[in-house]
Every structure is written in structure tokens, then in C-alpha cells.
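K.L.:
Each chain, letter by letter, is given below.
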Amino acid sequence: MTRSSSPIRLVVLALVVALCAAACGGGGETPEPLDGVAADIYGGECVGLEGDPVTIYSGRSENLMDPVLSAFECETGTEVAVRYESATNLALTLAEEGDRTDADVFLSNSPGPIGFLDQRNLLGEIDEDVLSLVDQQYRSDDDLWVGFSGRKRVAVYNIDSVDVDELPDSVFELTAPEWQDRVAIPGTNGSFQDWFTVFRQQEGDDVATKWLNDMVANGAKYYANNRSIVDAVGRGEIDLGLVNHYYNYQEAAAIGEDHRALNHDLAGDDIGSLLIITAATVIEGTSNVEGANELIGYLLSEPVQRYYTEETFEYPLAAGVQPAAILPALNASGTGTIDFDALGGGLEASLDIIEASGIANQ
Amino acid sequence: MSAALAPSISTPRRVRPPWALRGVGVVLAVAFAFPGLYVIWRNISTDADPIGLLGSSRTLDPLGRSLQLAVLVSVASAAIGTSLAWLTTRTDVPLRRLWRTILPLPLVFPTFIGAAAFIRTLNPGGLANDVLNGVGIDRTFELRGLFGAWLVLTLFTYPYVYLPVAARLQRLAGSLEESARVLGDTAGQTFRRVVLPQITSAVLAGTLLVFLYTISDFGAVQLMRYDTLTRAINTNYIVRPPVAFALSLLLLLVAVIVVVGERSVTRKMASSGSPRATRVVQYRLEAWRWPSLALVVVVALLAVGAPMVAMLDWASDGLLRATRNGRPLTIDADKVVEASWHTFESSVLAALVTVAAVLPIALLVGRYRSRAGSFSHAIVIGSFALPGILIALSLRFWALRSGFVGELFAGSKALLIFAYMVRFGSLAMGITLVAVQSVPDRFHDVGATLGASRLRRFATIDLPLMAPGLLAAVGLVLLSTMKELPISLLISPIGYQTLTTRIFNSFEESFVAEAGIMAVVLVVMSGVLSWFLILRRAEHR
Numbered sequence: 004m005t006r007s008s009s010p011i012r013l014v015v016l017a018l019v020v021a022l023c024a025a026a027c028g029g030g031g032e033t034p035e036p037l038d039g040v041a042a043d044i045y046g047g048e049c050v051g052l053e054g055d056p057v058t059i060y061s062g063r064s065e066n067l068m069d070p071v072l073s074a075f076e077c078e079t080g081t082e083v084a085v086r087y088e089s090a091t092n093l094a095l096t097l098a099e100e101g102d103r104t105d106a107d108v109f110l111s112n113s114p115g116p117i118g119f120l121d122q123r124n125l126l127g128e129i130d131e132d133v134l135s136l137v138d139q140q141y142r143s144d145d146d147l148w149v150g151f152s153g154r155k156r157v158a159v160y161n162i163d164s165v166d167v168d169e170l171p172d173s174v175f176e177l178t179a180p181e182w183q184d185r186v187a188i189p190g191t192n193g194s195f196q197d198w199f200t201v202f203r204q205q206e207g208d209d210v211a212t213k214w215l216n217d218m219v220a221n222g223a224k225y226y227a228n229n230r231s232i233v234d235a236v237g238r239g240e241i242d243l244g245l246v247n248h249y250y251n252y253q254e255a256a257a258i259g260e261d262h263r264a265l266n267h268d269l270a271g272d273d274i275g276s277l278l279i280i281t282a283a284t285v286i287e288g289t290s291n292v293e294g295a296n297e298l299i300g301y302l303l304s305e306p307v308q309r310y311y312t313e314e315t316f317e318y319p320l321a322a323g324v325q326p327a328a329i330l331p332a333l334n335a336s337g338t339g340t341i342d343f344d345a346l347g348g349g350l351e352a353s354l355d356i357i358e359a360s361g362i363a364n365q
Numbered sequence: 012m013s014a015a016l017a018p019s020i021s022t023p024r025r026v027r028p029p030w031a032l033r034g035v036g037v038v039l040a041v042a043f044a045f046p047g048l049y050v051i052w053r054n055i056s057t058d059a060d061p062i063g064l065l066g067s068s069r070t071l072d073p074l075g076r077s078l079q080l081a082v083l084v085s086v087a088s089a090a091i092g093t094s095l096a097w098l099t100t101r102t103d104v105p106l107r108r109l110w111r112t113i114l115p116l117p118l119v120f121p122t123f124i125g126a127a128a129f130i131r132t133l134n135p136g137g138l139a140n141d142v143l144n145g146v147g148i149d150r151t152f153e154l155r156g157l158f159g160a161w162l163v164l165t166l167f168t169y170p171y172v173y174l175p176v177a178a179r180l181q182r183l184a185g186s187l188e189e190s191a192r193v194l195g196d197t198a199g200q201t202f203r204r205v206v207l208p209q210i211t212s213a214v215l216a217g218t219l220l221v222f223l224y225t226i227s228d229f230g231a232v233q234l235m236r237y238d239t240l241t242r243a244i245n246t247n248y249i250v251r252p253p254v255a256f257a258l259s260l261l262l263l264l265v266a267v268i269v270v271v272g273e274r275s276v277t278r279k280m281a282s283s284g285s286p287r288a289t290r291v292v293q294y295r296l297e298a299w300r301w302p303s304l305a306l307v308v309v310v311a312l313l314a315v316g317a318p319m320v321a322m323l324d325w326a327s328d329g330l331l332r333a334t335r336n337g338r339p340l341t342i343d344a345d346k347v348v349e350a351s352w353h354t355f356e357s358s359v360l361a362a363l364v365t366v367a368a369v370l371p372i373a374l375l376v377g378r379y380r381s382r383a384g385s386f387s388h389a390i391v392i393g394s395f396a397l398p399g400i401l402i403a404l405s406l407r408f409w410a411l412r413s414g415f416v417g418e419l420f421a422g423s424k425a426l427l428i429f430a431y432m433v434r435f436g437s438l439a440m441g442i443t444l445v446a447v448q449s450v451p452d453r454f455h456d457v458g459a460t461l462g463a464s465r466l467r468r469f470a471t472i473d474l475p476l477m478a479p480g481l482l483a484a485v486g487l488v489l490l491s492t493m494k495e496l497p498i499s500l501l502i503s504p505i506g507y508q509t510l511t512t513r514i515f516n517s518f519e520e521s522f523v524a525e526a527g528i529m530a531v532v533l534v535v536m537s538g539v540l541s542w543f544l545i546l547r548r549a550e551h552r
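For the record, the sequence lines run as chains A and B.
Residue numbering for the first sequence follows the numbering used here, beginning at 4 and increasing consecutively.
Residue numbering for the second sequence follows the numbering used here, beginning at 12 and increasing consecutively.
Bound-form chain A, shown alone (with noise of 0.2 Å):
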């Protein structure tokens, strides 16, 4: 044991390390020419970067966001800063900021944290020429939210164990026997408790509360999220799931052929057809009312509404963009879209009867 003293030894050193890499660490940072993705949204020179930076806390991933935020900076010369987390968690700490919040901007890539900031007043307008850029039904009746792209709700099958003859047209017929224990429902997720509080305001809440106790006496599977539930029907463990049509792209991307699963669209004006917006907000009170908006208007031009279609594989909803060939067409009668304004009180009453169900526990 001569050398007893050699761990302590190593802890200071370590220590040492780390404290000089924390001070020393760091720089500033001078717009790079672009590349990649975000080089086709934005091809020309950068504009050095002024003004204040616009911080966002951003609900949808940083894979998503960075082309497009890069070719932001680039662009405008307007910096920016992100916060990433999930838009829940978000909106719980924008809550607690309250007016102190260092965020400009949220982005939400599901309704119901926008309804619970909308609650609780911490949402500004956003300039009316920023709103004009999308169609009425995308955008919030008091100016406080716009959508920016769009995910519909769609059943998603596995393509050995469902026969296409068998597709169902409507979330009604998922509760008839030859469906018994073949159906996976994200039940507590939000974005479940979005799509059900809409299935409630449009059939009824008796309609609606017995869809869904029909559907967990059907023996239907509580699975975590959308992800979790596409993941499960590409490996053929359940039969098919009601998802948001968004994941099973990204999952065959990245898996390929081994992903045995394919999106089924439900009719036109079935309630599992809904398009789901991902929204953009102003946070109240900010300090960049400027570059906030100058930074939603962005996101709704032509070239970031083609990324997201083509790149991400979800619906524009601006500039005239056309949805990506490989998406479903949207349904021309117009697809319901969900009215985030009704939705913040109504998500109580939606978690009341999921929650009564049982499905959390099947």
C-alpha cells in the first residue's frame, strides 16, 4: 500500500483539468458558410451577425430545427439561442420564469402545452404579417399561435400481419372483434389527449368516452408514445397502432427494410385522419418582440416549408409549399384541425375519462 495517496493524487488532477477547461474553454463564434441541409434552404453568403440574439425554447428537436436555425443566422444575421427539451417540460418551466423567462420564442410540436401557457396568459401576439402567411384554420382566432408544419394522425400497420383488404376506414371499426388485441393507443401521451379532447368537441363526449371503453374492452395495448408504438409494429408485436403519420418515415430512414410497418391514411373525414399542428408562439413580455417575429416569419417561408416536407416528411402549411409526394394528400373537404384556443380546459375532462378507462393499464 506505498501507494495509498495515488487516488487522491488522481482526484486533483482531475479536479485541476476540469476547472481549466471550464475557464478556459469556449469562444466566439463567427458564422460559418453553410452546408448540408441547411445550405438548401439558404445558398448565399452570410450577413455577419448584429442586433440581439433570439432565444427559443424549442419543443421540437434539435435534428428538426438546426438546418433551418443556421440558415436563419445566416440569412438575417439575426444570432439565435436554443433550450431543447420536450414541449411539455417547457411550458412547466416557462410557467415558472413566468416574466423573468430568458425565451422570446416557443415552439410547440403539440397543441396542449400551448393551450396550458395560453391559460395562464404568457403567450403575446404575434404581428399580423406574420399570421397572414398561413390559412385562417392554421393559426389562433387572438393572434397567439401559428402553426408552422403539420403531422396527421394516421394507423400504422404491419405489413405481414394486416392484410390491406382488412384496413379499417374509420377509428370506429377498431373496436369490432376481428381487431381484439391487435391494437396499440398511446394512451396518456399528449398527443393522444390532443387528437381524444378533439374527437370529444366533434362526436360528442358520449360518443367518444364509449369509442374508447369499447376499445380497451377490445383488449387495445397502452403503449408509451407514438415512437415507442412504431417501433413495436415494425417488429411485428402488435398488428397496428394510432399514431401520428410523422415517426414511421423517420423510423424507416434510419432501420430500412427491416422495419416492417407502413402508415394506413383513414378516410377523409374520419376522426383518426385529424391534422395535428407543431405551433409557434411569441412568449409575453419579451424583449425581441422584433427578431421573435422576424424568426416565426422565417420558419414559414418557401424554402423552410419545402425542408419540411421533403426532409422531415411532415405537411407544409405556408407559402403555397406542396406536401412531399411520399405523404398522403390531405383531404380536400379540408382536414379537421384541432382548436387549440377550446383545447386548454378541455384537456381535464379528456384525461378524466382516458384515465377512467383503464388503458394506462392494459
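Since the hints were made in silico from the structure, they are not lab data.
None of the hints are false.
Coverage of chain B stretches by chain A, computed from C-beta distances (three or more under 8 Å per stretch; other residues unrestricted):
| no. | region |
| --- | --- |
| 1 | 123-134 |
| 2 | 232-239 |
| 3 | 317-331 |
| 4 | 338-350 |
| 5 | 407-414 |
| 6 | 505-512 |
| 7 | 515-521 |
Positions of the beta carbon are idealized from the N, C-alpha and C atoms, including for glycine.
For this one, chain A is given, so just place chain B on it according to the hints.
P.N.:
Coordinates of chain B only, in the frame set by chain A:
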């Protein structure tokens, strides 16, 4: 009290601790109490009704499932962690040093991707399926529900027991064991009669962490589709905040009850006064050598191998696809290097700061049996049962409301390290306490008689003797920080991405290739650090 004048060897002395130590202990206790106070405050400010919720089966059923799961995982982790620790430190099981590097690694898997990787490997249609079909076995089992959650959480949490017990075993004097063997005890009898009583406090400390971790876990139970209290808390955050806060308070109460219970059991146990092994007894397993190896291999394969198979599969699929004409990856080498560096930097700092912070409390409890110390101890450990998001939110809350101090630290790395410290102090506490108690009072008395000052005695007597325990504590906090999610996402300086935050961001939006690549980097990095901390130390053997 004459006890102060006639020091005993085994129990803490009833002397008043130095005032400076007490002061430091109280200040630290306040810091560690932030999350708990926040939850209590939010219960008051939102008019939450935790008592009323207790009457509802919607609360009691998930709570019951949480407790059931936690007990089952605790028992299994205690058994596995203790046997693996004994096998790899005290026997001639083959490839001991390799196992000692690998066995702590499950700590580093973030549960959301670790559990998903298990499912990807072992469930129907998964990677193991092809192998089984290849050898003609048609049935695959499905990991889910109580069994799935139990298996995954046991495999992820046994290191909480393994690390402290291994550290303790390396310091047990061989004399008692040798006497037992000479007097005719078999290896098994020696273990039961001599070794087990001496390591019980370490086993219990680790098992307590397993229990608390299990009731706070959300990622694994959610993916295993087992409906526990954390699921209820999570779905209520934005829909019915008062319910989420009330349920969190119940979780906290369970934690406090369990912590106080554990404390009252361990306090009655005499800590051993045999700190320094002149020679550690090594057992020859003889006929048991290969079955023992099989146990170690099975645990390593399941706990580290199975998730790694899926992660490597995701990573290689994505890399292959990107090099052929497929979709390009959304990360590049620069981003991975930057995130790796942030992970390394923040986890090393957090581990050192955390162990330094719990040491004063451990001294108060272990050496002086001070009431303030016991109180601080319970606070530090109990907060481990709170979901990480609440700890992150509580620190946001306090940082915004503590005037210039908050201003100073808001958005800085210091606040991030502080948050990790509050989150993981509990991990360091148990082992540090065992380490403190392993220093016999008589050594101090000798030091004092020879005229050494208190600080000098601490540096020359205590620290060297506590070193293995403290290093194990550093290891535990280090690996846990590397995978921590909510704090890393919400408290870090804006734009400060670690491997885990990038893995989370990628995985949740189904960029599984990117997530897989960075998860492999995370595991390799933690393996190197684990080797550095745990194995290199043992080389002088």
C-alpha cells in the same frame, strides 16, 4: 458523558461536532432541501390536496404498483449486486478485472433509450428473435408489465449495490475470515457469519438507492407499460398541476419514511473497526469457478450486452445508409466531440463537488451522531425519490427568487453543477458514510495524542482510509451524471448540449441512428472512465 473520554471503537462518539462542521452541514442541508421545499410550496400555492387523493383508487393503485415494483427490484438488486461484488473482489473468478470495468456500466444508460434498446433486442421481432429462429426456437417472450419493468430496472440499478459493497469488501481485514476458516467454517459459512455482518450497512445503503430510484423512474416503467405513480404524475403536469404536485409530495413522503427506517436499522449496527486490510482473503472457488463465471457473464450480457446490441444496430444501420445514397445523418463529428466534452466536463466536476459536499454531512452523522447531521442526511437521500424534472424546476424556481445570488448563477455552469449535486448527493451519501465509519476512533486518538491538528488528522488519517469508498462515490455520481436528462436539458447554460441531451432529442423524434451512435460513444466513454477510476486503483495489488 464519559463516552467522550473513553472512546469506543465501534460506535460514533457523543461529542459535540466542531461548530464549523455543524455550520457547513446545516448550510448544505438547506441547499439539498430546495426540491422538497419547492414541492411543499407548490402544494400550498396550488391548493393541492394530497390527503384527498389518497382516498382515490386512481392514486392508491399506481402507488401500490410503485411500491411492489420497488421492493422486488430492491431485493433482486441487493442479491445480484452483493454476489457480483464478492465474486469480483474476493475470489478467483476468471477475468475479474474485465468484469470490474464492465459491471458498473449499466448506470450510464439513460432509461428511455436503455429500456427501448432492451425491447428492440429481446422482444418479438427483435434482434434476438433472428438468432432464436436460426436455432429453431419459435417462441419469443415479450418484456412488459411488472416482469419487464422489474428485469430492466434490476439490470440498471444493481450497480448502486455493487459499487459500495465492492469498495467495502476490498477493505475488510482478512484476520477474522482466516480465523473462521481455520476453525473449520466453509467459505459459505464464513461469508454468512463473518463477511455479511460487516458489509450489511453498505448493502443496505445501496439497496435504499435502488428503492428510491425505482419509485422515481419514469422512462423504464413507461416503455414497459407498467402503470406506476410517476406515470400519473407525468400525465398531470400540464393538465392538472395541483394533482402532479400532490402526487409528488406523496412520493417524497414514502421516501422520507423509507430513509428514516433504513437509518434506524443501520444505526443499531456496529460499524466495523477494521479498516485497513493488511491482506484481503481471496477465496478459491474450486468447482464453483465456472458456475460463478456463468453468473457474471449472464448479468453482463443482459445488462450491458443486450442494450448495446440494439444501440450498435441503430448506429450501424444509420452509418451504412448515410454512406450509401441514403439520408444523411443530422449530426457530424464536431457535434459529437463537443457533446462528449461537455458530458466529460460536467460529470467530472459534478462528481467531485458532490462528494466534497456530502462529506461534511457524513462526518456529522458517522462520527458525531449529531441530530443536525441525521436531519441533513435524510434530506439528502430522500430527494432522490423525486423525478428529475421536479428538481430541475425547483432550481429554476429558487434561482429566480434568490436575488443577486440567483442572478449571478442563472444560466451558468455553476448552477448546473449545483443542480447535479442536489440530484445526486444521495448517491454519494451512503458510500461516503460507510467510508467515514470505517475509520476507527482509536486512530484519531493516536493522532491527537501525537499532537496533530484536526485538519492534519483528516488529511493524513481519514482521507487515505476513506479513499476507496470516496472513489466509489465519485464513480457512482459520475456515471449517473453522464446520463442525467431533465437537469441537463433545463438548467444547463443555453446551447450547452451533452451526449445525453442530444441522444434524447434525436431519439424522441425517431432519429434512432443518431441516438444510437451517440449512445455507443457514451458507453465507451463511461467504460474508459470506469476503468480509470475503479480498476487502475487496484493495480497495486
